[in-house]
Structure formats: structure tokens, C-alpha cells
Amino acid sequence: MTDQAVEREVGRARLRKEDARLITGQTNWTDNISVTGLLHLAILRSPMAHARIERIDVSPALQRPGVVAVFSGRDLADGLGSLPCAWPVTEDMVLPDHPPLALDEVRHAGDPVAVVVARDRYAAADALEAIEVDYEPLPPVLDLEEALAEQAPLVHADKGTNRAYVWPLRTGEDFEAVKQGADVVLKRRYEQQRLIPNAMEPRAVVVTPLAASGEYTVYSATQIPHILRIMLSTVTGVPEHKLRVIAPDVGGGFGSKLQVYGEEAIALAIARKLGRPVKWTESRSEGYLATHHGRGMIQDVEIAATREGKLLGLKVDLLADMGAYLMLVTPGIPILGAFMYPAIYKMDSYEFTCTGVFTTKTPTDAYRGAGRPEATYAIERAMDELAAEVGLDPVEVRRRNWIRHEEFPYTSIAGLTYDSGNYEAATEKALALFGYDELRAEQHKRNERGDTVRLGIGVSTYTEMCGLAPSRVLRDLRYGAGGWEAASIRMLPTGKVEVVTGTSPHGQGHVTCWSQIAADVLGVPFEDVEVVHGDTKVAPQGMDTYGSRSLVVGGSAVHRAAEKVVEKARKVAAHLLEASEQDLEFRDGVFSVKGSPEARKSIQEIAFETFTSHDVPDGMEPTLNSDHVLDPENFSYPHGTHLCAVEVDTETGQTRIRSYVCVDDVGRVINPMIVEGQVHGGLAQGIAQALYEEAVYDDEGNLVSGTMADYLVPSAADLPDFVTDRTETPAASNPLGVKGVGEAGTIASTPAVVNAVVDALRPLGVHDVRMPCTPERVWEAVRSAQSEQPSGSPRKEASA
Amino acid sequence: MIPPAFDYARPTSLDEAVRTLAEAGEDAKVLAGGQSLLPLLRLRLAFPELVVDVGRIPGLRGVREDGDTLVIGALTTHHEVIQDPLVRRHAGLLAHATETVADPAVRHRGTLGGSLAHADPAGDLPAVVLALEAELVAVGPGGRRTIPAREFFADYLQSTLAPDELLVEIRVPKRDGWGFHYEKFHRVAQSWAMVGVAALVRRDDGHIAEARIALTNMGATPLRAPAAEEALTGAGDAAAVARAAQSAAEGTRPSRDASASPEYRAHLARVLTKRAVLAATGMG
Chain A
1 MTDQAVEREV
11 GRARLRKEDA
21 RLITGQTNWT
31 DNISVTGLLH
41 LAILRSPMAH
51 ARIERIDVSP
61 ALQRPGVVAV
71 FSGRDLADGL
81 GSLPCAWPVT
91 EDMVLPDHPP
101 LALDEVRHAG
111 DPVAVVVARD
121 RYAAADALEA
131 IEVDYEPLPP
141 VLDLEEALAE
151 QAPLVHADKG
161 TNRAYVWPLR
171 TGEDFEAVKQ
181 GADVVLKRRY
191 EQQRLIPNAM
201 EPRAVVVTPL
211 AASGEYTVYS
221 ATQIPHILRI
231 MLSTVTGVPE
241 HKLRVIAPDV
251 GGGFGSKLQV
261 YGEEAIALAI
271 ARKLGRPVKW
281 TESRSEGYLA
291 THHGRGMIQD
301 VEIAATREGK
311 LLGLKVDLLA
321 DMGAYLMLVT
331 PGIPILGAFM
341 YPAIYKMDSY
351 EFTCTGVFTT
361 KTPTDAYRGA
371 GRPEATYAIE
381 RAMDELAAEV
391 GLDPVEVRRR
401 NWIRHEEFPY
411 TSIAGLTYDS
421 GNYEAATEKA
431 LALFGYDELR
441 AEQHKRNERG
451 DTVRLGIGVS
461 TYTEMCGLAP
471 SRVLRDLRYG
481 AGGWEAASIR
491 MLPTGKVEVV
501 TGTSPHGQGH
511 VTCWSQIAAD
521 VLGVPFEDVE
531 VVHGDTKVAP
541 QGMDTYGSRS
551 LVVGGSAVHR
561 AAEKVVEKAR
571 KVAAHLLEAS
581 EQDLEFRDGV
591 FSVKGSPEAR
601 KSIQEIAFET
611 FTSHDVPDGM
621 EPTLNSDHVL
631 DPENFSYPHG
641 THLCAVEVDT
651 ETGQTRIRSY
661 VCVDDVGRVI
671 NPMIVEGQVH
681 GGLAQGIAQA
691 LYEEAVYDDE
701 GNLVSGTMAD
711 YLVPSAADLP
721 DFVTDRTETP
731 AASNPLGVKG
741 VGEAGTIAST
751 PAVVNAVVDA
761 LRPLGVHDVR
771 MPCTPERVWE
781 AVRSAQSEQP
791 SGSPRKEASA
Chain B
1 MIPPAFDYAR
11 PTSLDEAVRT
21 LAEAGEDAKV
31 LAGGQSLLPL
41 LRLRLAFPEL
51 VVDVGRIPGL
61 RGVREDGDTL
71 VIGALTTHHE
81 VIQDPLVRRH
91 AGLLAHATET
101 VADPAVRHRG
111 TLGGSLAHAD
121 PAGDLPAVVL
131 ALEAELVAVG
141 PGGRRTIPAR
151 EFFADYLQST
161 LAPDELLVEI
171 RVPKRDGWGF
181 HYEKFHRVAQ
191 SWAMVGVAAL
201 VRRDDGHIAE
211 ARIALTNMGA
221 TPLRAPAAEE
231 ALTGAGDAAA
241 VARAAQSAAE
251 GTRPSRDASA
261 SPEYRAHLAR
271 VLTKRAVLAA
281 TGMG
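Sequences listed follow chains A and B, in order.
Using full-length UniProt numbering, the final residue of the first sequence is 800, and nothing's skipped along the way.
Using full-length UniProt numbering, the final residue of the second sequence is 284, and nothing's skipped along the way.
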């Protein structure tokens with residue numbers, strides 16, 4: 001095989017190695033794990049948004065068949081500390097206690113109150129109803145503005161305020177001064193509804209104790225086995241080196257499994273207390289209450305511009321719904337957005353303030369995009385408003401403000417240095433694929449005719465910061481950890497390769513992509529590479545998977561570690577071939593001596609030679625294995641242009657997406673099929689926020705959208721065929737030239753869709769529709785616009 | 001999503017089923033395709049002591065002709081209804097509306113009888129059998145009983161079946177030559193109808209001679225829209241249909257929920273009635 005040229009793997013649309021296993025289910029999901037003597041947990045949850053626990057009696061549940069133990073919060077308090085928040089965004093942030101099981105007070109519907117341990121899952125669920133709890137209702141805190149009013153009822157009475165923090169950022173010129181000199185000042189309010197992440201696999205945890213040695217193995221459907229290990233150790237007091245955390249195959253997360261959950265700590269505490277293995281599996285509707293939510297913000301946006309549509313300044317006032325507690329990175333989510341409001345645009349002034357607000361609702365935290373979709377939505381909606389105000393086409397207004405390709409690297413007004421990008425190229429490509437001019441012409445005709453079904457065109461030219469993150473930047477943001485990632489390459493004696501990664505895939509396809517990267521650097525076949533992940537014992541060092549970081553940071557670490565293997569192998573090859581290292585060429589997995597190609601050694605041969613170590617260079621450590629820990633020098637900044645055409649039925653208010661075109665620039669592409677899949681999924685979730693999904697609470701703080709019958713997750717049947725394409729501007733900040741793609745589709749698509757809906761209705765006098773743009777809201781918007789403007793004649797047309 | 005404990009019976013004959021139901025009284029629930037009952041059990045919204053699985057009772061499945069009537073066994077699945085040539089020829093409205101029920105997985109399991117007995121006003125088929133003026137045949141300890149569709153739906157999730165009665169067949173008068181359409185309005189493909197309108201129209205000389213309009217999710221039960229039916233009679237063009245459809249929501253009491261207000265539902269009933277009739281007559 002030494003003569004066989006190896007085709008380059010990077011850039012190939014390889015079918016995913018993990019799919020056969022994941023699709024057939026011949027794999028290990030946490031809920032499939034069964035061990036001898038396993039006990040099952042069921043959790044009693046608060047039926048109220050806010051109440052004092054006056055009395056709790058778990059003893060009747062103990063009488064139920066199959067029940068082994070029942071615990072209230074007090075019963076477990078000794079082995080269970082407060083759940084962690086790793087991102088105290090300001091020095092004076094209010095950080096309330098967050099007991100995994102409530103002690104005296106419940107603060108959102110679904111807050112855990114007691115736990116039943118039983119021999120099977122049915123017995124555990126049945127016994128819940130026997131637990132007696134007397135609640136003294138307290139007033140719910142639901143509205144973000146009312147929560148900040150004087151005399152507002154408090155979520156955490158001991159803290160004296162519902163204000164968790166105020167986080168400001170001011171750069172460039174003074175906004176008020178800039179505003180004075182502006183021709184156009186627009187103020188808009190946008191609302192980011194709460195969203196419920198819907199990973200295909202609900203959460204689950206299994207804990208198996210080794211009582212004799214005090215060791216515990218925690219299997220959890222988590223995105224963050226490494227972080228979880230550290231945090232569970234802190235919460236329960238089990239020493240870190242006695243904890244092994246395994247993330248078996250995990251069925252999606254979207255940020256919802258970037259968390260340290262009470263149930264994980266409770267399971268560990270009970271396994272420790274009883275010395276028995278335990279399992280807890282969440283049901284879907286339980287997850288709607290107990291798994292963190294996403295978004296939940298009110299955005300007051302003010303832009304100042306010239307009458308030619310040139311941006312001068314931007315001011316953003318944000319109220320961010322924290323929910324009842326600050327979880328792992330709750331306070332930091334809107335702060336990630338703080339840097340993205342200026343987006344791809346140049347301006348002289350930027351003012352941002354975020355106020356974190358406690359409410360008696362399920363805590364919020366990371367959800368696909370985490371802060372950046374919210375920011376992108378606000379700025380992209382506002383850019384459309386500016387276009388309408390100054391009478392320009394929305395694309396033209398963007399063109400007049402964006403950073404031109406020759407200006408990179410460019411430091412944005414928010415202080416981020418965008419290393420690369422070409423907004424012009426992506427936009428031109430997207431406009432052509434979309435048939436922008438033709439659609440504008442059709443729209444004009446239909447508006448003239450007064451069609452009841454209106455055509456709307458929405459644009460979104462986004463960028464985002466991902467690939468979390470340079471550790472020093474995280475320090476400046478007061479985040480509690482670093483942003484590096486680790487990789488190890490093990491060259492096995494037979495020439496096969498194991499890649500050990502600190503990332504923790506839960507559907508992304510790391511096994512396939514890391515194999516492609518390693519295969520190219522090492523010159524070995526794709527099939528000869530295995531990737532090991534998600535177990536703190538076998539992949540001991542890692543920062544896990546979130547924030548579109550895995551390829552940019554973790555994939556780059558794999559690349560660097562593989563290069564180190566080649567460098568070690570080169571020494572062995574030079575020794576065996578009796579040549580100097582400088583005289584060796586390495587191509588397609590073979591070292592050969594320049595000028596005498598018959599003198600050659602394959603990397604597989606060298607792996608075996610190093611294994612026997614019969615003849616390695618003097619003083620050389622006899623191994624090719626290599627580690628690399630990579631701390632990124634910058635974020636990565638994918639960008640692109642998304643265009644959406646909708647047809648809005650003004651009689652019913654129904655919106656139908658007619659076409660959707662996106663051209664994304666995610667840098668160099670490792671596997672185009674995986675990129676395509678990420679874009680499709682991202683678009684679906686972004687469109688879902690625009691049109692379908694919303695966590696709805698009633699006036700008492702009950703979650704009304706408590707099942708999938710009421711919380712509408714769109715399926716393929718509801719979505720159009722997406723036209724996806726790419727431009728490829730390599731990132732300058734990592735060895736692979738890659739940028740993150742996991743969140744880009746979600747970030748870009750929401751404003752594209754809502755801009756299209758509003759564009760369709762603008763001639764009828766509509767300037768905004770609150771998300772999700774439900775048929776009733778659209779119908780109402782049209783109705784109230786028409787009653788405000790009784791003349792009935794079309795107003796300012798969006799000029800093409 | 002763990003259902004409460006229940007006993008399970010699987011009778012193999014109609015007699016045995018009726019006897020089992022009679023013994024259990026109010027505490028039994030009938031399981032057919034399970035597409036409505038199982039979610040209720042798993043959400044702990046229903047607590048039957050006994051679940052009577054009628055899936056193994058012979059003779060309750062399939063479609064046959066009986067003169068001017070189609071007889072559809074209660075256990076006939078939605079998928080079978082859609083595929084059945086007799087239904088397609090003589091009760092096109094039923095086939096057409098059944099195609100909009102949920103998703104393929106549900107349509108392969110769920111049954112026509114189960115869907116009607118569940119009596120969910122947001123279900124599509126209750127309004128359809130109302131428009132078709134079908135008859136529902138039940139068997140109980142006292143023998144067979146034929147219930148006109150308009151007397152079958154009592155209240156929200158409540159039919160007029162006695163606890164010891166089993167729905168066994170649906171008798172649908174053939175409507176050859178009638179135009180039909182089911183206009184379903186829902187937010188995502190798999191969600192229930194926010195409002196639905198079943199229209200069945202007989203035309204004579206270009207004008208509507210007779211119209212039957214039934215509404216999904218406009219009250220606690222499926223409802224006919226008699227005012228609209230009357231107003232439609234004689235309509236000969238789209239404008240006349242649109243005018244007549246304005247009375248479609250008269251006498252309805254739609255609910256308020258997370259997805260729609262009563263006012264919006266009433267508005268939808270008018271718009272969808274217009275569209276359903278235009279589609280049924282080809283006037284649009």
C-alpha cells in the first residue's frame with residue numbers, strides 16, 4: 001500500500017461514520033443503560049410558579065409498592081450544594097442560591113420539590129402523587145418591566161431586587177451627540193419570545209457507584225462531560241478524581257445540555273447515599289418545565305443615520321429574562337450578543353446596556369446561537385426599518401454600511417477584530433440565486449393589483465462570533481473557564497489511528513470530520529481512523545461542545561496534534577533511511593528520500609518500528625503519540641446573506657415561505673454534506689422562532705405550551721426546499737481556515753423571515769409583527785393598520 | 001409520560017367486548033388505534049381502571065356497499081379509508097378530509113371509529129360525518145342502535161355512546177355528483193385544525209341547490225352552519241358564495257386558547273367556508 005496515493009479527505013462529502021450506529025439505534029443512549037440493581041428516580045415538581053413550602057411529608061409515598069426511598073430537599077441538603085453559575089458577568093451580580101431540590105420556596109412551575117427512588121420507573125412515577133406538600137402561594141413575577149418596578153414582588157426576597165445585573169458597553173463617540181447630528185433617528189422595540197429547546201433525546205442520567213473505593217461513574221446525556229465532572233464535584237463534594245463522567249451517544253442538545261442540572265447532582269447524591277445505581281429519564285413535557293429555555297428578551301433599539309442611509313450610531317437597551325435562577329452561563333448569554341449588534345456595519349457610536357431580570361419562570365440559558373440570534377434579529381430588522389424610512393432598497397442600505405472586503409482585518413465598533421470576510425461576494429451570489437430583481441418586480445405588480453396574498457422579500461446579512469474562545473477574552477468577560485481544546489493522536493502498532501478529542505459531539509459528526517482532518521495530515525486512509533470522545537477517563541482533557549467551537553478549536557487541535565506525530569515519525573524515518581530529516585519528503589503517508597524515491601518508509605511501518613523500538617534514534621522517547629492543546633487566538637466570524645420570499649395571505653394571516661436562499665461563508669469546508677446538514681437544521685430552528693415556536697405562560701405563571709401539541713415545532717412538511725450555497729473566505733485565525741457553522745443558519749434566518757413578512761405588509765401600513773408571526777398576529781396587524789389608515793390607499797412602497 | 005396503572009382486556013368477539021364493558025361500567029376505556037387514548041394516558045389526563053383493546057375483534061374493519069349506503073367498519077384505519085375505492089367514489093369528502101389527519105404514522109394506526117368516538121371537536125372527521133349526514137351504529141347489551149351523526153356528539157370529548165356501547169360501523173349515504181372540499185387551517189402540518197370547514201355541495205344548473213357546511217373546532221362539538229347553508233342556496237357565482245359565507249360563524253361558540261381567539265376563529269370560519277364552497281363547486 002505504500003505506492004497508493006491517498007485522495008485528500010478534507011473537502012469530501014463523506015457519509016458520516018456515526019450514522020449507521022445512530023440511525024439504527026445499535027448504540028448506547030443513556031436511557032438504554034441498565035445495570036444490576038438499578039433504581040429509578042421520579043421527581044415531584046412544583047405545580048405553581050411561586051410559593052412557600054409550608055409542609056412536606058414524603059412518608060406516604062414510602063408505603064407505595066416498589067418504593068425504596070423518598071427525599072425532600074432538606075433530606076438531601078447535606079450532600080448537595082447550590083448549582084453553579086460559571087459566569088458572574090459583573091462584580092456585583094446578584095447570585096441567588098439554587099438548591100437542586102427546593103428547600104423552602106419554589107420559584108417556577110417545575111421547580112423540583114422531592115424525589116422518589118423505586119425499583120422501576122412506573123412505581124416511581126405512581127408514588128409521586130402520595131407525597132403531601134402544602135404550598136403558601138406567593139405572587140408570580142412574569143413581566144420583565146414590572147419586575148423592575150418599585151414594590152414589585154421579589155423572586156428572591158433575600159436579595160432585595162429582581163435585577164440580577166446591569167452590564168454596559170460604550171464605545172466610539174457619545175451616542176446622544178451623534179443623534180443630535182443625525183437626519184434620521186429610529187426607535188424600535190423587539191421582543192425575543194422564550195423558546196424551548198427540543199433535542200431529539202430528552203435528558204437522562206445514570207450514576208453507578210463503586211462503594212468500596214468511593215468512585216462514581218456518571219452517564220449523562222450532556223454536551224459537557226468535562227465541565228460536568230468539575231461542577232458535580234463542587235456541588236456534591238465527591239472529589240474530582242473519584243468521578244468519571246461519560247456522555248454516551250447524545251441525541252442533540254442545541255445548548256440545552258450545556259448545563260449542570262439539578263437532576264444530575266441529585267442522582268449522584270442518591271447513588272452515594274444508598275450505594276445503589278440510579279437512573280433518571282426526563283419525559284418531553286417534564287423537559288419543557290425543567291430543561292432550560294432560550295431567548296426571552298425585550299430589545300429597545302435606537303439607530304441614528306443620515307438621510308442617505310448611512311449609520312452613525314446604535315443604542316441598545318436590553319432586558320434579559322434570567323428566569324428563576326442563574327444557571328451555568330445564564331447571565332452571559334445576552335452579553336455574547338452585546339458584541340454582535342453592530343454586526344457587519346460601520347458606525348461611529350455604540351451604546352449597549354443589558355439588565356438581567358429574575359422572573360418566576362424556568363431559567364434561561366444557551367440555545368442555538370445564544371445571544372447572537374437576538375442581536376442579529378434586532379439589527380437586521382432595524383436596517384430594514386431604516387431602508388423604508390429613507391426610501392432605499394434594504395440590500396442597498398446594507399451595502400452602504402457594511403465593511404468592504406478590502407478593509408479586513410477590521411475592528412468593529414464593539415471591539416471585535418473580524419479577520420476575514422467578503423460580504424459583497426456572498427450577497428451578489430445570493431441575489432442571483434434568488435432572482436431578486438424578478439421577485440421585486442412581481443411584488444410590485446401584486447401590490448398594484450391589491451392581491452389578497454402579498455409577496456414579501458426579506459434579507460439578512462449576518463455575521464457572528466463563534467469558536468469559543470480565546471481564554472484571555474473569556475477572562476475579560478469574567479467567564480469562569482478557558483476556551484482551549486485538547487486533542488491526542490495515538491498511532492497504533494498496526495498503523496491504525498485513534499484520535500482522542502476533548503469535544504463532545506451530540507449529533508454534529510465529529511467522528512467523521514476529525515477522521516478526515518487526521519487522515520490528511522497523517523496520510524492514512526479515512527477508514528483507519530477512529531475517534532474517541534465523551535468519557536473523562538479515556539479523553540481526560542476537554543472543554544466540550546457548544547458555541548460552534550468544536551471544529552474551529554477542537555478540529556484545529558487535532559490538526560496540530562497530527563502534525564506533531566508526523567514530526568516525530570520524520571525523526572524515526574530519517575534514522576531508518578539513514579538520511580537527514582531535511583532530505584525527507586512526506587507525501588500521502590510515505591517518507592522518501594529526495595532524489596532516491598526507492599528509499600521510503602510508510603507512516604504505518606514507522607508506527608510499528610516505534611512500537612518495537614528496536615531501532616529508534618538515540619534518546620528519542622519511543623512513541624509517535626502526540627497531544628496538542630490549542631487556545632484560539634480569535635473567534636471565528638462566519639457570515640453570509642440570506643434571502644427569503646414569503647406569501648402572506650392577508651385574509652387568514654397565514655405565511656408561507658415560497659423560497660429561501662442562503663449563501664454562507666464558513667471558511668474552508670471539511671465536509672460539505674455535514675455543513676449542508678447544519679445549515680438546514682439551523683434554518684429550520686431560526687424559521688421556527690420567526691413563525692411557530694413560543695413558550696407561553698398564563699397570568700399565574702403556568703406554562704401553557706406544555707406539550708408538543710401546543711409548542712409548535714415545524715417539520716419538513718412545513719419548510720420549503722432550501723437553496724444553499726457558499727463562498728469560501730478562509731479564516732486567518734486557525735490552521736485549518738475554518739469557521740463555525742453550527743449556529744449560523746439559526747442566527748441568520750429569523751430576521752430574514754420576519755423582514756419578509758413585514759415587507760409583504762408594509763404597503764398596508766404594517767411596520768412590525770411580533771414573533772412568532774402567527775396567522776392571528778398577522779391578521780391583527782393588517783386589521784389594526786387598516787383601521788388606523790382609513791384611506792385604504794397604499795402607502796410608501798418599498799422601492800426596488 | 002408514564003401512564004397510571006390499568007388493567008387490560010383484549011376481547012376476541014363483539015359479545016365479549018360488550019360484556020366486558022358492561023361489567024366495568026364507567027371505569028373502562030376502549031382502545032382502538034390508540035392515537036388519542038395513549039397520549040391521554042401518558043399525560044395522566046385519563047385514569048381508566050380497565051383498557052379494553054378491541055383490535056382483535058373480527059368484522060369491524062373494511063368498507064362495503066349496502067344499496068345507497070357505504071358501510072365502514074369502525075376499526076378501518078385512516079389509511080384504509082383514504083385508499084378505499086368505494087370511499088373515493090361515493091364519499092370523496094371523507095377520503096379527502098382523512099388525508100389531512102395528522103401524519104402517515106398516525107393514519108396507519110388511527111381508526112375512523114376511534115376518531116369519532118373520541119369526539120374531539122378539533123378532530124377533522126367529526127365535522128365530516130356531520131356534513132355527510134352519516135349514521136353511527138353502536139352495539140350494547142341491548143343490541144344494535146343507530147345514531148344519526150347530529151345526535152352523536154354530546155360535548156367536548158363526549159359522545160352519546162353509553163359506557164357499555166361500542167361503535168361498530170359508520171353508514172355513509174353515497175353522495176355521487178356532489179362537490180366537496182375540506183378546508184383545514186392549521187399552523188403546522190401535524191397540528192390540529194385551528195378551524196376546519198367541510199363543504200358538500202349539490203349544484204343544479206350552475207347554482208347551488210343544496211349545501212351542507214360543517215365546522216371543526218368552532219365549539220364544544222362539531223357544528224353545522226345552517227345560516228350559511230341557507231344563504232348558499234341559489235348562489236351562482238363567487239361573489240354570492242362570499243356573501244353567504246359571512247354567516248358561517250353564526251351560532252358558534254369557539255374557544256379561546258393559546259393558538260387563537262374566538263374572534264379570529266369566527267373570522268376564519270367565514271373565510272374558510274367561502275374557500276371550501278368555492279373549491280367544492282369549482283366556482284373559484
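Bear in mind the hints are in silico, worked out from the structure with no lab data behind them.
There may be inaccurate statements among the hints.
[As the list claims (entries may be wrong)] Covered stretches of chain B, going by a simulated chain A footprint (3 or more residues, C-beta under 8 Å):
hint: 1; region: 1-14
hint: 2; region: 89-95
hint: 3; region: 190-197
hint: 4; region: 267-280
[What the hints assert, rightly or not] Residues of chain A clear of chain B, computed beta-carbon distances all greater than 10 Å:
hint: 5; residue: 47
hint: 6; residue: 570
hint: 7; residue: 696
Positions of the beta carbon are idealized from the N, C-alpha and C atoms, including for glycine.
How the hints compare with the structure:
1. Counting residues of the region 1-14 of chain B whose beta carbon lies closer than 8 Å to any beta carbon of chain A gives 4, which reaches the threshold of three, so the coverage claim holds.
2. With 0 residues having a Cβ less than 8 Å from any Cβ of chain A, the region 89-95 of chain B misses the three-residue criterion, and the hint is violated.
3. Counting residues of the region 190-197 of chain B whose beta carbon lies closer than 8 Å to any beta carbon of chain A gives 4, which reaches the threshold of three, so the coverage claim holds.
4. Check on the region 267-280 of chain B: 4 of its residues sit with their Cβ under 8 Å from a Cβ of chain A, so the three-residue criterion for coverage holds.
5. For residue 47 (chain A), the condition that its CB be more than 10 Å from all CB atoms of chain B holds, with the nearest at approximately 13 Å.
6. Here residue 570 (chain A) stays apart from chain B, with its beta-carbon at least about 57 Å from theirs, past the 10 Å limit.
7. Not every C-beta of chain B lies more than 10 Å from that of residue 696 (chain A), the closest at about 5 Å, which undercuts listing it as non-interface.
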